[in-house]
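Engineer: Construct the complete structure from the given sequences, taking the supplied hints into account.
So the chains spell out like this:
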Amino acid sequence: MEEINSQTDVFQDEIGSIAKVLDSKMTAVERMKITKHNLKRISMAIIFYLITMLIFAALL
Amino acid sequence: MELILYIILLAFLFEMMDSSAGMGFGTGLTPLLFLIGYDPLQVVPILLISEAVTGITSGMFHHEFQNVRFSIKRPISKETKIMLMIAGIGCFAIFFSVILTYYSLKLPKDVIKTYVGILVLLMGIIGVFRLKSKVRDTYKPKLLAGFAALAGFNKGIGAGGYGPVVMMGQLFSGIYEKTATAIVSLAEGFVCIVGVAAFLLISSYGVTIDFALLPSIFTGGFLAAILSPYIVRVLPNKIWKLVIPIYAISMGILTISKVFLF
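Chains as they are written, first to last, in my numbering: chain A, 1 to 60; chain B, 61 to 322.
In short, the hints are calculated from the structure, not lab data.
Heads up, a few of these hints could be off.
[To be verified] Derived lysine-lysine pairs resembling PhoX-like cross-links, with alpha carbons at most 25 Å apart:
#, chain 1, residue 1, chain 2, residue 2
1, A, K20, B, K301
2, B, K200, A, K20
3, A, K33, A, K20
4, B, K301, B, K202
5, B, K202, A, K25
Structural biologist: Here is the structure:
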């Protein structure tokens, strides 16, 4: 991850640089890897979803 | 509260395509729900509420999965600036379209919807022909501003097709497919917030909104808004180069068909 970030910093101003670097430096299988940070964000989204559904259940 | 399985599945499928091809949630799902038998006040505000949340969620996960780099701190990235420009024009357009509706200014809907359908269809066809081009486009900000204004104008006169025109406009302006999808997803989220506000304003004037479909559409849409950016990241960009214009062609055909079906 840090390697990718440092590579994109070189052409930070270019639109879509981060996606282009990922596509050029990693295979599709390597891009499938999920980090702990990704899992944390997904967990937060699921909690948000559950809270929203509880609100719907109470109001609708 | 009722969860309807086939509505969840439909919302999931159309949001998957919307978050990965930048278009189709409103254009595709709305006529389908009308065909099933739901009326506009059961569908339109619910899709706007759902898309407001799922658009922003999808944008955040596109950032998380590194299809784009949005920034809220300075220096603001170019992707963020483009997103703000597209969202700003879209917000103004949706507000303008509500004013048109409020003052009952009737435009020939069939004519303008046919025009947008043909426009999206042509953009999709040009997109397919561009696949043969080996030269990578350079970013053309003025052209993008022109497409954003055109999409905003179409939405402002109530013709829809905002997502397809902005999405294809980004590609013609030289923006990388994966990044263009991420930008339009987040921008649509902000535009839909203004749409929701407009509907709440209308509801305060006595129009009743039916929220029965909201839990089902939100469930399908929200799950897709998380999964789709991951799929965009994993699949190679050449697939999106093909999928996006073909999907735009189908959206153009659908828009033209709607004129004759409804």
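Engineer: None of the hints should be skipped; say for each whether it holds.
Structural biologist: So, going through the hints one by one against the coordinates:
The straight-line distance between the Cα atoms of K20 (chain A) and K301 (chain B) is roughly 13 Å, inside the 25 Å bound, and the hint therefore holds. Of the pairs offered as hints, the one joining K200 (chain B) and K20 (chain A) holds, with about 18 Å between alpha carbons and a cut-off of 25 Å not exceeded. A threshold of 25 Å between alpha carbons decides the hint, and for K33 (chain A) with K20 (chain A) the separation of about 17 Å falls inside it, so the pair holds. At roughly 22 Å between alpha-carbon atoms, K301 (chain B) and K202 (chain B) fall within 25 Å of each other, so this suggested pair holds.
For the hint pairing K202 (chain B) with K25 (chain A), the CA-to-CA distance comes to about 31 Å; that exceeds 25 Å, so the pair is violated.
Violated hint for the displayed structure: number 5, the only one.
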